[in-house]
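Asker: Note that the protein sequences, when read in sequence, are chains A and B. So the first sequence is residues 18 to 580, counted in my numbering. So the second sequence is residues 346 to 640, counted in my numbering.
Hints are computed from structural coordinates only; laboratory data are not their basis. Keep in mind that a hint or two might mislead.
As the list claims (entries may be wrong) - With a cut-off of at most 30 Å between alpha-carbon atoms, the simulated DSSO-like pairs for lysine-lysine come out as follows: (1) 401/B to 360/A; (2) 117/A to 409/B; (3) 94/A to 409/B; (4) 415/B to 324/A; (5) 409/B to 491/A; (6) 428/A to 415/B; (7) 415/B to 425/B; (8) 426/A to 401/B; (9) 401/B to 490/A.
None of the values given here were measured: they were computed from a predicted structure.
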Amino acid sequence: MKKPFGKLMIVLLVFLFVLSACSGNSGKEGGASSPSASGGAESSPSPSQEEEQIDPYGKFETPVSFTMSKPDTPDNKLPEGDTLENNWYTRYIEQTLNVKITHDWTAQGDAYNQKFSLSLSSGNLPDVMFVPTEKDLRSLVEANLIEDLSDVYAKYASPLLKGYYESTGDGIAFKTSTFDGKLMALPDLNVKANGVQLLWLRQDWLDNLKLAAPKTVDELAEVLRAFKQHVPDSVGLTGDANLVQYNQLHTWNSLFAAFGAYPKQWVKDGNGKLAYGSVAPEMKTALAKLRELYAEGLIDKEFAIHKQEEENALIAGGKSGAMFGPWWIPWWPLNDTVKNNPKAEWAAYAFPQDSNGVFNTPMPPINNGYIVVRKGYAHPEAVMKVLNVQQRAVVGEDPVYTAAPETQKYKEIGASWTNFPFNLSIAYFNQVEDDALLAKDVLEGNKTTDALKTVATAKAWYDMALAEKNEPKKDTNAWAHWVVVNSSGPAMAEPMNLHYSEFYGTTETMLTKASVLDKLESETFLRIILGTSGTEEFDTFVDKWKKLGGDEITAEVNAAVGN
Amino acid sequence: MVRSQTWVSRTANGVLIGFLALTALLCLAPIWHTLAVSLSDKSAAAAGIVYAWPVKFTWSSYEKLLQDSKFFDAFYVSLKRVALGGIINFALTILMAYPLSKQARQLPGRNVVTWVLVFTMLFNAGLIPWYMTISKLGMLDSIWALVLPGAVPIFNVILLLNFFRGVPKELEESAFVDGAGPWRTLLQIYIPIGLPALATVTLFSIVGHWNSFFDGLILMNHPSNYPLQTYIQQLVVQLNTQSLMTAEEARKLMEISNKTLNAAKIFVSMIPILIVYPFLQRYFIHGIVLGSVKE
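Just chain B, same shape as in the assembly (with noise of 0.2 Å):
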């Protein structure tokens, strides 16, 4: 590979990357400023006057956040689901992709089934009748209702299933001459070429997992079994001043209104996710099947 050195190209580049690394910034000003809120002084932090750098720099919000239990709470929740679902996701997602990345002769039925999933993707049935089915089911309280119902993540089986139609079949064939069945082949064969794929698909569940508050707020019937994201949606969201009539209540403003604590805990709860990307980012180089077969 050459590069070409003319000044139109190099100009060309030097908008390009100025504009990326633009965009790049616009994605982590937010996740700053949330940073910056968080290390301010509530007063300031309310005045609307934290922009990018913390003003009157303080630890108080984060000493108050290590004694709050709840957090902590709803944060082992999260993490349970996060396990649970993740490692339910990935093998359901293998599971179902293999076998219709199958060819129809194979599998017969196959483009029938994945139309079925394609439509479960499209449409569904409405919340009440999804509720009514987990609580019948008797999941709810349970973290196998945050866990359960989305078992399944129809997105990440297309994904996936088109990942493994890309292989080529030689693969397979020769593994088949091998004397290997389709369990040793998905196991030694497909996984293994379809790292960078599974890595992606469980990005996506982690990421979702960990990110999803609506299930937890209508399937959860106590705050104790609230994950993460569901008790900070709460704490964002919620600010009752319908029935005030003491000053006692009123004080209660004063302190659920408490913009740098409530900063201080929406980054730590980034922070598994930011943990969780460099490891997996690994994988999205390997795996190339470049060169395995000969044509």
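Next comes chain A alone, as it looks inside the complex (with noise of 0.2 Å):
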């Protein structure tokens, strides 16, 4: 399914930027016509009188309301007759803000980045707007249809929120958000968890065969032939058409960068400038690799054609004893293996590192969504306000909130924290790596239980922790906890270096030619992998990436980052 959305969405886009243009002009004259446009003039003179005074956290005192468009949660579990409109956290926020939230609309995953840029082409936006990619974001803050929020942040945001978001350093999180020095979005944070690739190995099977964790990808080609002998119907590391992806199943990010390749990202070469990754030199050398290793049957041989689901069935079925992934996937699909198996083990490595013993491990962007406010709409510090409570109440930090029977009662039927108005994730960079470390050195008694007390994550990684440990293999989700306390979590707190991509945006020849070339480059890549053709194809790969519009791209790139 994932390939037609994909068209449809580019399609859409061309569409939208020139729907955009037109409701752009449109969105000039209704906020100049509109009494709304004065709110924010009106609302600068009150502030000031009460400097001293704001609370982040203070109650309205008459009803404040907005609509607003929210993505859907997947298999949303909530207790009958609550919805993802009126449900406790939701009624947390209005009785303490006294903020009263609807839903324009709705919907999950694909299909809202669809309906969004349908809505926006409509032209009937929702006071307020969670915007899904930071292209969508760009369009609306050229169309000038979204508020600045730089004032409100400054005036609004709550120390806790501030100390999240500064906790990336040098203001990185505002970067995609923040345009002439404005900040027009307040984002999310994809932290360290989300973008580090490990290698996932059947620790039995090593175990068995007496082999060391493979530091390099020799060695890992030297594990993956002890494995086919051992396990003679066993298909070697699992793959993904897509080579790369972030923080997806199968895909070999982090096997690329230990060549020193960066598919898909912009790097800088030798002069400063930036240079497409997937057409630099190291790229050649990576596939010449992988195309070894393809050739001796040491990577799935179907791994080209197999959609995940089939891949993980060779996870799971005890088929593959190599892949890569990230922290998560004990609950997904390593927990099949377990079942099916008890006797199987995972266990993580931060491997293979490059010849200079380093493990490179490409990054996402630092944000993947926004929250924005329509021009025009009255109490943007309103929107401050709800993302403080909330924030405040998702780590724990609100004694009032924690303690309500609601928050116990919805803890325990596992309700989702999206469930809160806000689809924002914001943790502290490295979170989950800390709380599995903290629970791993209290379980092997470095620390007593003290020391989880203030840490309300880390102590629910331990107590699952515990009980795997006092009963093995007989609940897979409190094995997932083991596994993520003792091996991926650990793994993830090993010297890395996460490598940014030096550009994530969108420049204006990437919307016309990006989907040929990047065809190009994956049906040229996964053809030099499979033998059909030989590597010095990459060759001409790059001449014609080069002429078909990357040269263009490049420019456009090193230009929109001042080079």
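Since each chain sits alone in its own frame, please combine them into the complex, following the hints.
Answerer: So this is what it looks like as structure tokens:
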């Protein structure tokens, strides 16, 4: 289903650009004539009078309301009668702040992004919107449809929230949401755990073979070879036809990075200019090696035609003992391996390293989604306050909220925090691995349980890992906690090079040519790996890529970062 | 009719029957497989070892399905859609096809209208204008958005129109002679004669309404208004792993990636259509005009 949607999105975006130009004008006219444009002016004198008394969690005296577009939560678990729009979380916001939120529309995943573009084109914007991509944010800013939030953030954001945003350092958190020095959106934070891709291996196979974890790509090949002899019907390393994707299963981000190759990212070339990672010479070396591994049968022969589900089945059925994936895969699909074979063990490693002994892993953009306020909406500060209250509650810093019986009840049924108004996950950059490490320390007796008292998130890890320790493999959920605490958490805390792309945006030529270039790229790479074309095909690809618009895009990207 | 008994024709028959049986089996296989998966153990299904027979047989996914109120809400939306949409399509198809099946001297401009219809079949304005039209008409988020935009299924109109044209015109003339007007001719001659064609187009429109998911996705503002196929499409396609932060969120993956439950939902969603077929099938053999006219 992915492909048609992708194509559709491109068509939509092209339409959108035409249309946003039109709606941009009407937006300006509306702004000039409607009284709400003065809303911003009204609110500015009042704070100056009560500059000292601003309470980021303060209740509004008269009810404030806004409409919004909200992503739906898949498989949402709520008590009978509660909905995404009206549940304990939203009621808590309402009783704390006197802010009432209604949903103009909701949809899930890809459908949300699609509907978002459509609703922009129809011109009926809700007061507050969740913006799914940087591209959409840019077009909203260019069409002058959204409010500048710089002042609101400076005045109303809680110190707690500011602390989270600042944990990335250097204002990186706001890099993509700031335009001409103005903060146009409140972003979420993609933490380290959302980017780091680990090598997962069947530890029981390694132990049986008395092998150490492979530090380099060559050692990995050795291990794969040994695995194939150990389990004759196994297929080797799993893969995905999308060779690189962030926070996904089976893709090879870290494997390419071990060669210093960063496909799909923008990297600095020798002269300080930006260049496209997929056409760098390192990529050729990486592809040549993968081709070798594939020819030897160390990579699943069918990875290029398999869907993710089918590769998962290989993992679950014990047909493969090696995959690349993020920290959370013990819940899916590794849990099924253990259910089918209780003797199975998985472990994660921050390997393979490059020739300098460094583990590199490419990182996604720091922001995944944004909250924006429609131009002319009278109470942008309400939006800020809702986020303050939401964040304080989500991270467990709000005693009133935590003590409420409803909170307990929601926790028991496993209601998702995404039932809060804003789907902005904001955490400390190292939260997952820090919590896991703390839980591990306590589990091993290096620290006492007192250390967990102030860190509610780490305590949850500890409790479940302890349950697994007492009754191994009884509950796969506990087992998954155990694996993260003992293996993937610590692996993420290893020293590593987080490789950020120098540019995550979209340029004009990308809009028209990226689909052709991406197709050329992925087809060439797959052909080289599968052995249907020679490695020298890479050079023809680079030439073609440059001619078909790559040079233009490179120039635009360099211009965009001021080179 | 005499059957030729040569061995050549008998082997040819055998081969043909074998081939057709194989094709029929191929069509049944995915349905059967889905049923087998839905009755299997979760982990076995995830490991892909379920083929034609359930592994570690269990009813658990159907038990779970019975408790899923969202599934039944969506089921109800779909039933409403099929009932409303089916009736509207049925009425409008007949009312459009009947006049157009007359000869050009009876209905001037007939060919122009037909070509306009064919044109809309081949070309459309695209997604955004379509969405904006429906949005400006205020139909978003209501059942009418699923029913009215496709109220006149052109393909069905053309099918029926051609069927009506094939009806001997002597039948119509004799009705006129007996004093029947156009309405009476339509209701008492054409519709009874046209039952096989009508059954076909009705089946098309019911299946079309039942199976379409995309308009539900785009035109419904709240997932509680999704028809069944949209709901199922979301289940099968969606698995958002973009920002997992806590173990609780990761645990959800375990539940969402539930192949057996999804298979059960898909299977249950097929049942209504499987039931409709045999009921409509009996009309296929009725209404034969053979022998009604002597020339």
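Asker: Confirm or reject each hint.
Answerer: Each hint tested on the structure:
For the proposed pair residue 401/B and residue 360/A, the alpha carbon gap of about 19 Å is at most 30 Å, so the pair holds. Annotation: proposed proximity of residue 117/A to residue 409/B is violated, straight-line Cα distance about 35 Å (limit 30 Å). Under the criterion of a C-alpha separation no larger than 30 Å, the hint pairing residue 94/A with residue 409/B is consistent with the structure, at around 14 Å. Between residue 415/B and residue 324/A the alpha-carbon distance is near 28 Å, which keeps this suggested pair within the 30 Å criterion.
Of the supplied pair hints, the one linking residue 409/B and residue 491/A holds, its CA atoms being roughly 22 Å apart against a limit of 30 Å. In summary, the hint linking residue 428/A to residue 415/B is supported, as the alpha carbons are separated by about 21 Å, within the 30 Å threshold. Among the hinted pairs, residue 415/B with residue 425/B is consistent with the structure: their alpha-carbon atoms are about 15 Å apart, no more than 30 Å. About 34 Å separates the Cα atoms of residue 426/A and residue 401/B, which puts this hinted pair outside 30 Å; it is violated.
A distance of roughly 20 Å separates the Cα atoms of residue 401/B and residue 490/A; the hinted pair therefore holds under the 30 Å criterion.
Of the numbered hints listed earlier, those contradicted by the structure are 2, 8.
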